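Trainee: Sequence:
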Amino acid sequence: MTLVSVAELADRIADGTAPLVLDARWNLVGPDGHDDYRAGHIPGAVWVDLDRELAGPAGDGGRHPLPSSEVFVAAMQRVGVEPDAEVIVCDGGSTLGAARLWWLLLDHGHTRVRVLDGGFAAWQQAGKPVETGEVAPTPGSFVGAPGHLPRVGVDDLLDEARAIVDVRAPERFTGEREPIDPVAGHIPGAVNLPASESFDAGRFRPAAELADHFAVVPSGAAAYCGSGVTAAQTILALHLAGREDVALYPGSWSEWITDPARGVARG
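Going by UniProt numbering, 147 is the number at position 147 of the sequence shown; the sequence numbering is gapless.
Rather than coming from a laboratory, the hints here were simulated on the basis of the structure. Predicted model, so just to flag it, every value in this text is computed and none were measured. Be careful, since some hints might not be right.
[Claimed, not checked] Each computed SDA-like pair below joins lysine to any residue, with the alpha-carbon atoms no more than 20 Å apart:
{"#": "1", "residue 1": "Lys128", "residue 2": "Ala208"}
{"#": "2", "residue 1": "Lys128", "residue 2": "Val264"}
{"#": "3", "residue 1": "Lys128", "residue 2": "Glu8"}
{"#": "4", "residue 1": "Lys128", "residue 2": "Pro19"}
{"#": "5", "residue 1": "Lys128", "residue 2": "Leu3"}
{"#": "6", "residue 1": "Lys128", "residue 2": "Arg12"}
{"#": "7", "residue 1": "Lys128", "residue 2": "Val4"}
{"#": "8", "residue 1": "Lys128", "residue 2": "Ile13"}
{"#": "9", "residue 1": "Lys128", "residue 2": "Asn27"}
{"#": "10", "residue 1": "Lys128", "residue 2": "Pro43"}
{"#": "11", "residue 1": "Lys128", "residue 2": "Ala39"}
{"#": "12", "residue 1": "Lys128", "residue 2": "Asp11"}
{"#": "13", "residue 1": "Lys128", "residue 2": "Asp36"}
{"#": "14", "residue 1": "Lys128", "residue 2": "Arg203"}
{"#": "15", "residue 1": "Lys128", "residue 2": "Asp117"}
{"#": "16", "residue 1": "Lys128", "residue 2": "Gly93"}
{"#": "17", "residue 1": "Lys128", "residue 2": "Arg38"}
{"#": "18", "residue 1": "Lys128", "residue 2": "Arg262"}
{"#": "19", "residue 1": "Lys128", "residue 2": "Gly40"}
{"#": "20", "residue 1": "Lys128", "residue 2": "Ala14"}
{"#": "21", "residue 1": "Lys128", "residue 2": "Gly202"}
{"#": "22", "residue 1": "Lys128", "residue 2": "Asp212"}
{"#": "23", "residue 1": "Lys128", "residue 2": "Gly153"}
Produce the complete structure using the sequences and hints provided.
Mentor: Structural data, given as structure tokens:
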């Protein structure tokens, strides 16, 4: 299973069998989420820094390119991940940071990872216990190498035969509004399937509904967003629908537009 419920995790914590919980809380704009984590988190949860540990430096590779494998492995060792250990990942409730961490763990071959459905927001709404301050983890011996999940690079998207799915909001896809990146529009040939449509009241839609929703996405397609984070959330939703045949384009729109020679479509 890809998701874990608040009730199951709370029971595991209460009976002393809790897995390692990692909190990848993150904000696209404003503070990085660390202060929110310190103000309240799931008991025992360790904070992971998306900008520094789950992404590389911004540049020609986009705003949030994937981190080097060395950086990611070191980060997972820092937070206490052991080989084959069960890991639960969460964030404040958006599932954005959690999905990036989930994707990276799976891509490095760590299959025992699940995402807390609804994140910390759902935990609070259920009235579960909250801890404040920092958690000092015991370092782990995590090992792994990337390449276990499908991904594409910018050159792969120049192949006109590949289906491309843009998961940003419709107004960003059409180019009517672009609040983040310096160029508005989308990759030529892409179709828009907003990530928000995978959710209902802050939770992932049931698997059968997601399967119907993604039926228009052909096998071998590539998903992208602004910087590769929301696209990982869509890959997670696809996995919930039983689909593991769609690739992530990590650089996404923020990488695509760094070369003016690449086409830009609007409308």
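Trainee: Each hint: holds or not?
Mentor: Now the hints, each set against the structure:
1. The hinted pair formed by Lys128 and Ala208 fails the criterion: a straight-line CA distance of about 29 Å is larger than 20 Å.
2. A hinted pair counts as satisfied when its Cα atoms are at most 20 Å apart, and Lys128 with Val264 does not qualify at roughly 47 Å.
3. Between Lys128 and Glu8 the CA atoms are separated by roughly 12 Å; this keeps the pair inside 20 Å, and the hint holds.
4. For the hint linking Lys128 to Pro19, the alpha-carbon distance of about 17 Å falls within 20 Å, and the restraint holds.
5. Between the alpha carbons of Lys128 and Leu3 the distance comes to roughly 18 Å, so the proposed pair stays at or under 20 Å and holds.
6. Proposed proximity of Lys128 and Arg12 is supported: the alpha carbons are some 12 Å apart, at most 20 Å.
7. Our distance criterion of 20 Å between C-alpha atoms is met by Lys128 and Val4, whose separation comes to about 15 Å.
8. For the proposed pair Lys128 and Ile13, the alpha carbon gap of about 11 Å is at most 20 Å, so the pair holds.
9. Between Lys128 and Asn27 the alpha-carbon distance is near 23 Å, which puts this suggested pair outside the 20 Å criterion.
10. Of the supplied pair hints, the one linking Lys128 and Pro43 holds, its CA atoms being roughly 10 Å apart against a limit of 20 Å.
11. Between Lys128 and Ala39 the CA atoms are separated by roughly 15 Å; this keeps the pair inside 20 Å, and the hint holds.
12. A hinted pair counts as satisfied when its Cα atoms are at most 20 Å apart, and Lys128 with Asp11 qualifies at roughly 10 Å.
13. At most 20 Å may separate the alpha-carbon atoms for a hinted pair to count; Lys128 and Asp36 meet this at roughly 17 Å.
14. Restraint check for Lys128 and Arg203: the C-alpha separation of about 18 Å stays at or below 20 Å, so the hint holds.
15. For the proposed pair Lys128 and Asp117, the alpha carbon gap of about 14 Å is at most 20 Å, so the pair holds.
16. For the proposed pair Lys128 and Gly93, the alpha carbon gap of about 15 Å is at most 20 Å, so the pair holds.
17. A hinted pair counts as satisfied when its Cα atoms are at most 20 Å apart, and Lys128 with Arg38 qualifies at roughly 16 Å.
18. The hinted pair formed by Lys128 and Arg262 fails the criterion: a straight-line CA distance of about 49 Å is larger than 20 Å.
19. A C-alpha spacing of about 11 Å is found between Lys128 and Gly40, which places the hinted pair at or below 20 Å, so the restraint holds.
20. At roughly 10 Å between alpha-carbon atoms, Lys128 and Ala14 fall within 20 Å of each other, so this suggested pair holds.
21. Taking the CA atoms of Lys128 and Gly202, the gap is near 18 Å; set against the 20 Å cutoff, the hint holds.
22. With a C-alpha separation of about 34 Å, the suggested pairing of Lys128 with Asp212 is violated against the 20 Å cut-off.
23. Taking the CA atoms of Lys128 and Gly153, the gap is near 42 Å; set against the 20 Å cutoff, the hint is violated.
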